[in-house]
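S.K.: Letter by letter, the sequence shown follows residues 0 to 248 of numbering that gives the first Met the number 0.
No wet-lab data here; the hints were simulated from the structure.
Only a predicted model underlies this, so the values are computations on that prediction, with no experimental measurement involved.
C-beta: ideal position from N, C-alpha, C; glycine also.
The hints are all genuine.
Cross-link-like lysine-lysine pairs, in silico, DSBU-like; alpha carbons within 30 Å at most:
no.	residue 1	residue 2
1	K158	K146
2	K51	K158
3	K23	K146
4	K146	K51
5	K146	K20
6	K182	K20
7	K51	K23
8	K146	K182
9	K23	K182
10	K20	K51
With beta-carbon atoms standing in for the labels, derived distance ranges:
no.	residue 1	residue 2	range
11	L248	A174	32 to 40 Å
12	M57	S130	15 to 23 Å
13	A187	L248	41 to 49 Å
14	E181	V118	31 to 39 Å
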Amino acid sequence: MADTSSETVDFGFSTVPRGEKRRKVREVFDSVAGRYDVMNDLMSLGVHRLWKREFVSMMDPRPHRTLLDLAGGTGDISLRWLAAGGGPVLMTDINEAMLRVGRGRAEERARIDGIGFAVADAEALPLGDGSVDRVSIAFGLRNCTDKDRVLAEARRVLKPGGRFFCLEFSRLQVAAAQPLYEKWSFVALPAIGARVAQDRESYQYLAESIRMFPDQETLAGMMRRAGFERVAYRNLSGGIAAIHSGWRL
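Construct all of the structure, not just a fragment, from the sequences and the given hints.
M.R.: See the structure below:
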């Protein structure tokens with residue numbers, strides 16, 4: 000497990016006191032909540048929509064299966080799960096502004112009866128052991144202070160035979176594309192964020208947070224240490240993103 004006794008943690012390329020990261024992440028997402036999908040479109044050139052479709056398909060939605068959607072944000076994963084025939088969803092997020100956007104979307108699409116909403120910290124979930132069939136987190140784990148604790152909590156609330164899925168920006172596997180990718184992330188993206196959302200700093204943080212996130216093999220190892228079995232990952236778009244999965248057996 001990671002050393003949680005350290006007094007400081009990363010916040011993008013900066014180091015901040017451990018107790019301040021949640022507040023600073025909350026401020027970022029308070030700022031971008033209303034334009035979150037624009038943000039994802041900019042960061043992935045729209046490809047995140049294909050990644051999410053693949054992500055939900057791998058989760059194998061069924062009417063009798065329940066989903067806990069961590070860092071549920073604007074509701075993309077929860078709504079896709081329901082549209083694909085999945086069972087009841089509890090959508091959680093530590094950020095109330097993001098959760099309000101997700102609730103509004105569910106109401107617009109007449110899906111409100113299929114989703115519960117809770118402001119909750121993924122490091123201390125308000126659910127009992129063995130409560131759900133699936134746990135998902137999409138583009139949220141890198142913003143958590145104690146990632147090992149999030150993984151442990153995800154396993155705890157899964158039923159035996161349940162599965163955890165994580166979709167996250169990861170480590171590019173195509174060396175020739177790395178220079179262009181770096182320029183896009185650290186030059187173009189903050190500039191576009193400043194123009195489109197009038198918020199360069201939040202977009203700068205988001206680009207930096209991707210680079211600070213564990214690579215594919217490291218995250219797979221963290222999942223195994225948390226007790227997940229049959230851990231696997233699938234690279235998307237050459238490793239720009241990856242889907243990790245693991246079972247509670």
